[in-house]
Amino acid sequence: MFCDECKQKPATVHFTQFFNGTKMETHLCDTCAAKKGALFMNGQFSIPNLLGSFLGHTFGILQQTAASPNNLTCSHCGVTFNDITHTGKLGCAECYREFDQALEPTLRRIHGNSQHVGKVPSRGGEKVLIKKKIERLKAQLQEAVTAERYEQAAEIRDSIKELEKQLE
Amino acid sequence: MSSDLLNSTYVRWMEPGPESDIVISSRVRLARNLQTVPFPHLLDDKTGQACWQQITQAWQKSSLKDQLELLSFNNLTALDRQILMEKHLISPNHAEANKFYQGLLVDKEGQLAIMINEEDHLRIQCLLPGLQMEECYKRAQMVDDELESNLSFAFDEQRGYLTACPTNVGTGMRASVMLHLPAIVTTGQLNAVVHYIGQLGLTVRGIYGEGSEGMGNFFQVSNQITLGQTEEDIIANLTAVTRQIIQQERTLRENLKNQMHIQLEDRVCRAYGILTNARMITSNEALGHLSEVRLGVNMGIIDGIQPYALNELVVAIRPAHLQKRAGREMDPLSRDIHRAEVIKEKLTSRKAKPGSSPAAGTSEEK
Ligand SMILES: [Zn+2]
Ligand SMILES: [Zn+2]
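As they're listed, the protein sequences go chains A and B. In short: position in the first sequence from 1, add 27, done, that's my numbering. In short: position in the second sequence from 1, add 5, done, that's my numbering.
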């Protein structure tokens, strides 16, 4: 087996990591392992370094997973997908939309997930907050129906309709 | 008030806090970006100026106005920026920033800080002593809410808060604790601990990030994942894992005390002896001995040294703090000499009884 990094020397250091159930294997030669900055003596690596190289060109993940989007350019900031794979940084918020498809696998690889579930800003996130509220109400509606509390169910249904109007 | 943070060693996190025999400090950092402005690495003077204005105006309109002071990095020397970095108020990357649109909003004790135009437009940080993740989180969120009322942050329903680097996208939150784990290291259990931490989506770094791994047996543990977990889950997870590590470190310390009492005392006392007698010392060597003395203080082998003084020394012996104190630039050799003086002064000036500990020779004389 050859080194994931230089693809020239035999891999002597093997490293397995789990993120949210996703298994990640890395095989490196001595030289590349040393360059990556072995965290502790026997083969424990600094994870951020490895992640950094996922985004850089060395691991080739971005090129591999997205069919040559390299000359795609963000219309807002002018950054190309090729730039992103080299710097590991996006150019602007719009880049996330422009390169959405190409980024998806990278996000999954880093986070084991690609859907945000945390805080939503009250400014600019109004719609998301309403949607979340609707989801919560729908669950309550289900409960009310199951428990045959029909009056309550009707009330909940009205609130949902009210909120859905705000979304339009 | 910034003169205090720049001219003295003191920062709030050096004070004692919950579990501070093992947890030095807790930190929550939130990455935020403005909706329509390119990320900091693409800013030029013109867009940078506009970005800086938006942010500083939002701050001035907020209730944080009197609490925080604004420092623009083109008004600070490289040494002053390094001082802020050594205190953990800005990142090593940000310490190299010197554009007029890059800077820091900070309170007078360094508990709350907002890095401006580091990797992201805003990095809101709350840094407190001991294990206080929830409190850090609460305070950082408050600042976020406060700024949000005057700024439109880049946010996407699916991807969350949008950040320059996709490793931060989602919550944009990095929560971390700084731990002192001498017993875990001594008993060879570090790898097991690191492995365990890695499987829980957490990561381990050294005291000053990459490249400082294991220095002084200090370790920074932080969440690796920012997308697909709620802030509350991240905080709860990190706190739970930290409590387990604390438990393990305490058990191992107890074992060392019971089974290797003399060896342990010997180690601690030798370290104290070197620190109070050395004529020159590198920061790596000093950190190693400070770690032993810290363990000795926390286990009652040495008394009369305030834990605060040891936290302060960890920062006071760094290159920028040494040079600031001396009031001049110094080559590594002069720094080593100066460092030995600072340590000796700090450790021997205490008005306390030496306890059962070594008198450390004749180090009291000047
Ligand atoms: Zn290689
Ligand atoms: Zn863009």
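Do not take every clue at face value.
Said to hold, decoys possible - Between beta-carbon pairs, the in silico distance windows are:
hint, chain 1, residue 1, chain 2, residue 2, range
1, B, 314, A, 144, 42 to 48 Å
2, A, 102, B, 194, 49 to 55 Å
3, B, 252, A, 192, 31 to 37 Å
4, A, 159, B, 41, 49 to 55 Å
5, B, 71, A, 173, 49 to 55 Å
Stated by the list, open to error - In silico SDA-like cross-links for lysine to any residue, where the CA-CA straight-line distance does not exceed 20 Å:
hint, chain 1, residue 1, chain 2, residue 2
6, B, 143, A, 110
7, B, 104, B, 55
8, B, 51, B, 105
9, A, 159, B, 238
Claimed, not checked - Which bits of chain A does chain B cover? Going by a derived footprint, with three or more residues having C-beta under 8 Å, they are:
hint, region
10, 110 to 116
11, 119 to 131
12, 150 to 162
13, 170 to 181
Hints listed in this document are in silico derivations from the structure and should not be mistaken for laboratory results. All C-beta atoms in this analysis are idealised placements derived from N, C-alpha and C, irrespective of residue type, glycine included.
Results of checking the hints against the structure:
| no. | hint | in the structure |
| --- | --- | --- |
| 1 | B:314 x A:144: 42 to 48 Å | 44 Å, holds |
| 2 | A:102 x B:194: 49 to 55 Å | 53 Å, holds |
| 3 | B:252 x A:192: 31 to 37 Å | 53 Å, violated |
| 4 | A:159 x B:41: 49 to 55 Å | 25 Å, violated |
| 5 | B:71 x A:173: 49 to 55 Å | 54 Å, holds |
| 6 | B:143 x A:110 | 37 Å, violated |
| 7 | B:104 x B:55 | 13 Å, holds |
| 8 | B:51 x B:105 | 11 Å, holds |
| 9 | A:159 x B:238 | 18 Å, holds |
| 10 | 110 to 116 | holds (count 3) |
| 11 | 119 to 131 | holds (count 5) |
| 12 | 150 to 162 | holds (count 6) |
| 13 | 170 to 181 | violated (count 0) |
Going through the hint list in order, the structure does not satisfy hints 3, 4, 6, 13.
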